[in-house]
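Protein sequences appear in the order of chains E and B. Per the numbering used here, the first sequence starts with residue 258, numbered consecutively. Per the numbering used here, the second sequence starts with residue 258, numbered consecutively.
No lab work stands behind these hints: they were computed from the structure. Remember, it's a predicted structure, so these values are computed and weren't measured experimentally. Check the hints yourself; a few may be wrong.
One copy or two, either will do: identical chains are not told apart, so a pair holds if it fits within one copy or between any two.
Cross-link-like lysine-lysine pairs, in silico, DSBU-like; alpha carbons within 30 Å at most [as the list claims (entries may be wrong)]:
id, residue 1, residue 2
1, 514, 352
2, 271, 425
3, 274, 421
4, 459, 425
Number of protein chains: 2
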Amino acid sequence: MLVHTIKEVREIVKEWKKQGLSVGLVPTMGALHAGHKSLMAKSVEKCDRTVISVFVNPIQFCPGEDLDKYPRTLDADCELAQSAGVDLVFAPSPKEMYGEGHILSNDFLTYVIPPYFYTDKLCGKSRVGHFDGVCTVVNKLFNIVQPDFAFFGEKDAQQLIIIKKMVKDLNIPIEIIGCPIVREESGLALSSRNKYLSEEDKKEALVLSKILFNIKNCYKKGITDVKALKETAFTFLNENHNLEYLDIRDNDTLDEKTVADNNSRVFIALKIKNVRLIDNIMLGS
Amino acid sequence: MLVHTIKEVREIVKEWKKQGLSVGLVPTMGALHAGHKSLMAKSVEKCDRTVISVFVNPIQFCPGEDLDKYPRTLDADCELAQSAGVDLVFAPSPKEMYGEGHILSNDFLTYVIPPYFYTDKLCGKSRVGHFDGVCTVVNKLFNIVQPDFAFFGEKDAQQLIIIKKMVKDLNIPIEIIGCPIVREESGLALSSRNKYLSEEDKKEALVLSKILFNIKNCYKKGITDVKALKETAFTFLNENHNLEYLDIRDNDTLDEKTVADNNSRVFIALKIKNVRLIDNIMLGS
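Produce the complete structure using the sequences and hints provided.
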């Protein structure tokens, strides 16, 4: 079922709760792919009822980012959701979520701001304000749907860590479930932004997973010095790859490591032409 | 009943909800007086069960403010709460609310930040960050207790307006009930900080309510020019009164008025010696 208003979602979820059913939420920006499908499947497996939200959240896009051209494919999204066993698709308009008649900023709207220590690094460094927008909209979706569980992909690992931190800091009564990255056979991590890549770009984009897999192999062979691990990346990089960051950090605190351990995660971001891609891998699993 | 942990509150409220009972929350910093009692009475009247929180919230105090010497009177508070018909007193430690081992700031903790447009004026101007701390702790208390209704005094009118805005902006599923200011027979608005006043200071403190009542009288007589209304205050002020602000603003948006109307509220803050006092009045009621 597809609904567009907060009122409708609330009524449906209220009815489910009356019946004692557990509710899972998968927040998305649509343009759903097999990565999202794995999140929906996880929720359908764990919860009696599953809601997905489809909302391209304007306040998490920074100036110059791809808000207007971000892929919007609601019909296909609804089909995929239904095939995954989702019970309810919530696709609100920006007006439904933020009202109208004022500028979408912390000047006129209440924001949920994650700790600077978690947002001044990795993607937060180039995408200033991005995680403020993410936490604010996720908090709103949590309050609208009031699920028991919410499912997020490890693909956006910094986002997942920040949301877990938000839930802890604000005592939000929801359990956050992180789900593994889904990759093409080639190794490329699925992303809605892969649609921007030509076939040739996609080959170049394999550099992200190659670097990550290689670092993990080196770690498994006993190399724990972070500087040495990061230097192994240079074999793979060429002039088509505009590296933004390659960091090895603690998976809970995002502290930078000098010596890697099983709780370390490797994070990478780079641009192929104008398409910004991210990927990451845990060293210990 | 008195509990100190989040876990205990949640278990008790969960049990009430299972029974279909409605829950009211009165967030306080303790040092309860008849003003708080009126909030509790309102909740007891409206809801099946009433929780009050007693927590002197460190993150809403600014540097140099009275965090350490703020009155703490938990035994008396519990007695007053019981006499008012409150079912549960939640009095957590700072550690229970914020954990330990890190600095209490947005560097390391997720904050809920109300719009700058609402906080750059009135009390927010001198108490920078105060309302960020208020919104953050209130959001946490809402998530911990998950009440149906929450009760706040109009005494802190800017706070009430900001909390209503937060609830709207973040789609928090709780109804906020504002309750009228309780005054001594003299006109002095009740405040926990009145404890800092000597008998002589208390007489001087009547200037706040005198100014407000007089402005309201003038408005009722037909004067709507804000400049003229504000000028009537000078009759009452003397060298013992350190006026911080006297503003007439819209009761929903906090926009400054040039012509007063029934939805205008008069806000005043001034210091008697080192004690900062606030008061306010609606023109239209």
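(request) Output the numbers, in ascending order, of every earlier hint that fails for this structure. (result) 4
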